[in-house]
Amino acid sequence: MKYLDSRIPVIGFAAWSGTGKTTLLRLLIPWFKARGLRVAVIKATHHDFEIDRPGKDSYELRKAGAAQTLLVSPRRTALITEHEHPAEPDLARALASLDAQHADLVLVEGFKHVPFPKIELHRPALGKPLLYPQDPSIVAIATDAPLAKAPLIPVLDLAAPDEIGEFVLRCCGIGSG
Numbered sequence: 252m253k254y255l256d257s258r259i260p261v262i263g264f265a266a267w268s269g270t271g272k273t274t275l276l277r278l279l280i281p282w283f284k285a286r287g288l289r290v291a292v293i294k295a296t297h298h299d300f301e302i303d304r305p306g307k308d309s310y311e312l313r314k315a316g317a318a319q320t321l322l323v324s325p326r327r328t329a330l331i332t333e334h335e336h337p338a339e340p341d342l343a344r345a346l347a348s349l350d351a352q353h354a355d356l357v358l359v360e361g362f363k364h365v366p367f368p369k370i371e372l373h374r375p376a377l378g379k380p381l382l383y384p385q386d387p388s389i390v391a392i393a394t395d396a397p398l399a400k401a402p403l404i405p406v407l408d409l410a411a412p413d414e415i416g417e418f419v420l421r422c423c424g425i426g427s428g
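Position one of the sequence shown corresponds to residue 252 (my numbering), numbered consecutively onward.
Because the hints were derived from the structure by calculation, they are not lab data.
Glycine residues also receive a C-beta, built at the ideal position from the N, C-alpha and C atoms.
Incorrect hints may appear among the rest.
No more than 27 Å apart at the CA atoms, straight line, and that leaves these computed lysine-lysine pairs for DSSO-like [stated by the list, open to error]:
(1) K400 <-> K294
(2) K294 <-> K284
(3) K363 <-> K400
(4) K379 <-> K363
(5) K284 <-> K307
(6) K307 <-> K294
(7) K294 <-> K363
(8) K284 <-> K314
(9) K284 <-> K400
With beta-carbon atoms standing in for the labels, derived distance ranges [claimed, not checked]:
(10) V406 <-> H336: 36 to 46 Å
(11) K307 <-> L403: 45 to 55 Å
(12) W282 <-> L377: 18 to 28 Å
(13) I404 <-> A318: 40 to 50 Å
(14) P387 <-> T273: 42 to 52 Å
Construct all of the structure, not just a fragment, from the sequences and the given hints.
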């Protein structure tokens, strides 16, 4: 499945805070990597964040007013762009900024209200309502307990990352194994 003009298959993981999205992604990334896939991750956050530290040259140059700071080393590259007028993160823009030559699959955490293929993570014990069926872009539900009402989409075992990984491969049209 593709989102907008993404050149790379994209699937998201949507859930209420505290459901375990990051924990699941930490299990899925090495699972995909073991199958030879290069995974890119986009994580939406509503918090301000720093990826650099005060006292470092790049931090000080950005704080001095650089609109963009590109950090490059033999092992990694990081682009920090200051947004003059803060706005909600834009998934299409984030996808366009990825280097398609270095990714076979994009996993997205967050962007719960953006219409693109997503797996909902649901833990009934948390007492939160399902996002499905109000969100028609949810293609499956991964849960740790039986659901009160059977949905019309696949239900996956949240405790079985292999099952979720295989579903993602099928959903995104990527040959497994």
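Hint numbers not upheld by this structure, sorted from lowest to highest: Violated hints (numbers, rising): 1, 5, 8, 9, 14; every other hint is consistent with the structure.
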